[in-house]
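Input sequences plus hints: build the corresponding full structure.
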Amino acid sequence: MRVNFTVNGSKETVDDVWEGESLLYMLRERMGLPGSKNACEQGECGSCTVYLDGVPACSCLVAAGQVEGREVRTVEGLATGSTGSDQELDPVQEAFVEAGAVQCGFCTPGLIVQSHDLINRVPDPSDAEIREALAGNLCRCTGYEKILDAVRLAASRKAAAAK
Amino acid sequence: MATPVKAPGHVAAPGKGGVGDSPLRPDGTLKVAGEFAYASDLWMDGMLWGATLRSPHARARILSIDISAALAHPGVHAVLTHEDVPGKKHYGLDLTEDQPVLAIGEVRHQGEPIALVAADHPETARRAMEKIAIEWEVLEPVTDPRKVIADPEKYKVQRLGGITRHQPVRVGDVDAARERAEVVVSGEYEVGIQDQAFLGPEAGLAAPSEDGGLDMYVSTQWMHWDLKQIAPCLGLPEDRIHMTMAGVGGAFGGREDLSMQIHAGMLALHTGKPVKMSYNRYESFFGHVHRHPAQMRYEYGATRDGRIVYADVEIILDGGAYTSSTLNVTGNAASLGVGPYVIPNIRIDAYGVYTNNPPCGAMRGFGAVQACFAYESMMDKLAEACGITPVQVRQRNAISQGDKLATGQIVDAPAPLAEMLARAEAMPLPPPADQSDIRNLPGGASQTTHGEGVVRGVGYGVGLKNICFSEGFDDYSTARVRLEVIGGEPTALVHTAAAEVGQGLVTLKAQIARTELGVQKVTIAPADNQVGSAGSSSASRQSYMTGGAVKAACEAVRAELFRLAGWRLGREFDDLSLVGGKVVSRSEGVLASIEEILGDKVIEETREFHHHPTQRMHPVTGQGNSHTQLGLCVHRAVVDVDVELGLVKVVELAAVQDVGKIMNLLSLEGQIHGGTAQGLGLAVMEEIVVTNGLVRNPSFTDYLIPTILDMPPMRLDILENPDPKAPYGLRGAGEPPTLSSTPAVVAAIRDATGKALTRVPVRPEHIVS
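These protein sequence lines map, in sequence, to chains A and B. All residue numbers for the first sequence refer to the numbering used here, where the first residue is 1 and numbers rise by one. All residue numbers for the second sequence refer to the numbering used here, where the first residue is 1001 and numbers rise by one.
Since the hints were derived computationally from the structure, they do not count as laboratory data. Computed from a prediction, not measured in an experiment: that's the story for all the values here. From the three backbone atoms N, C-alpha and C, an ideal C-beta is built for every residue, glycine too. Treat the hints with care, as some may be off.
[What the hints assert, rightly or not] Among chain B residues calculated to face chain A with C-beta under 7 Å, some are:
(1) Asp1041
(2) Arg1281
(3) Pro1761
[Stated by the list, open to error] Covered stretches of chain A, as calculated for chain B (at least 3 residues, CB under 8 Å):
(4) 34-42
(5) 141-147
[To be verified] Some residues of chain A that are not near chain B, with every Cβ distance over 10 Å (derived):
(6) Glu12
(7) Thr13
(8) Glu71
(9) Asp117
(10) Ala135
(11) Arg157
Structure below.
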């Protein structure tokens, strides 16, 4: 089948999609967007989290055909500019590197999208709010302490930039 | 030569910072931007997808395999069985060659690989796999390791056994000491099977190369050791297989054994096309070994004031059907079986056995984790029997520098355990839970309590872990460092084969180059086998070993630069150093910049770094200087337990760890946090549940790992008592916290509930029963 949708601001048409494919598979294997990660395919780990019409969703649980006419934003669409020196990371992305919230990094894209959404909704989240928002994203490396640091740092930077 | 899209490349290490600083990860920007090339992201024009047919039975004979229908399935390029293995048909992590590449006539565990399919779409491969017809004769699996020990011949599951290793430790006279003991405590303990549960499932890509060999992109912990096992099975010389590390999504021991490497190689050689294999989570639970489950019996005798006079210990580790690393896991359980305590009379019998249960091998803590849960539970039992505190009993028996381990090995570096315990105890305790917010209580937002039935408990745990490989193994590392002027600036290129599995070695290598060469610009080359072995990213050893190799290579480059400086400046100096990009003489000050000395010359040096030799444990007495280095961690856990429902909320975990030298505080804290979290997981939730050899919960829905709601805030106290033998005085740090957090959490639950809790993970029914 053919799927038409918007990904990271650009209108795309994808052909020869098998009906059983997920949005995650289509992004990773047909569109050269492997930033969203496949770690469980059951919606348990959150590594594949993307924005679907502005709402975070596990792309492994969304059938490719369901995004027809809709808007998807992946971790690749959070930074501005292209790869390299003119790339400007989102404050959430910057904070994850600086706070030491990235080890193996496999969970990172999903956590970044989820944290990005949290800070957009709740500019100054409490620790309890951060924990609740990120409870669906598994990380095996960090024990989450530095992830909390990263979200706090990103929130304070975004707040400072908004002033 | 074709390279995959998203192939690993050189990365520039950003920012500043030498040893002791916390510069940014060189791979950090790629990882947060979604552009880092993990093994599962590899993609090559015309590539096929490989899939693996696995055994549904724990033990069965294969009477026949019919692949014809699968082969005829449209889109399928190859279906292979053991008959198609081009070289040796068996391999093994410890070169035991007892594990078939693909099952031959029999399967010995659920999930054992039987056949391979290559197809143009992963779903095509999966459907074709379902068309492979196998006629089975299902056999009764061997699942009780005690039965195997009692009658190894009768319950032999493969040609090697039986019993994989029996390692005794004998010190003094336990029977005579038993007569003198004033207090005797005993217990039986059990540890369930824990899974590494790395987030990035097994994946990789193999492509035929122009020289008739293979280009392999794999995510592994030790590519040179992989190669030693892969090459003979593929019937290729090692130099025809070009290994490149693809991005690794966590490891924790689960990537020490091979997974898809030989299989993808077979499919690529057979089809002449690049083949990618990428396990899903379900397959991943069968695609790697797990932490050995353990059954342990302990008896300690002590004086009335809590000084241990003897230990009588039996540890049984179930390794499953193949050897993997059971030999060394058993050695660790034996040598570290009573932990960091001085005990004059010891009898330990540690057994590793073969069964038809899931295969077990390396996981963070490697044999020391299981023993640690038992010996720390015993320390608490002894404290109670003697009427002293958990901290007192540990301090009274604690090792320190100059003492002997159970193996007779003298602790030759600082081991200030008594002080560490005092520091853990002195840390402020968290305040009582604010019960006005229900999320602070056990059960959280599920609203299982508003504070009624909730009891607080505090517990301690201590772990002792060997750092680097033990028992005579020379796990050296190799580093190549190149210094040249690029764009007017002196630039160091660091090249090793060491696996960056997330721990931050990639950052540390750049820090060491900056410190040793006084340069800012450092580039890290991708890990491949164009440079010598780095050994495994396991046993907390890479800072020590590859750190040591990078340091040695930098020192050689520096010596050559100084020789060049003498030649350029027309005289000899014996007091030179490199600071801020300048060659500096202590007596004469700045002589020249590095770029002035180097000009267009390139200095490149390769060095191997070996740790001091160790000995095998004596087969009868267990004695010997078997360990390279030792790491200690102390945990204090605070928990709130809903004693009516058996729900546990860990409120805080505090850790005191001696790391010798803080090389990178940010990465180090991440290791302690992460190790602690895995220990918490084993304490209260993580277990692969097995019935009659079959796994009941191979998914993240049913195998639970800690979420951000389960992991409490941590308090860290990091000590730096240098180990004089180690580079920079450092001590490997990744594993010790994984040991001690489990018994600390369980001790805290015992403190809250008064229950014996002899098995981990602790489940609600253990608390309310």
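Exercise for the section: Sort out which numbered hints this structure fails and list those numbers smallest first. Expected result: As far as the earlier hints go, 3, 10 are violated by this structure, in ascending order.
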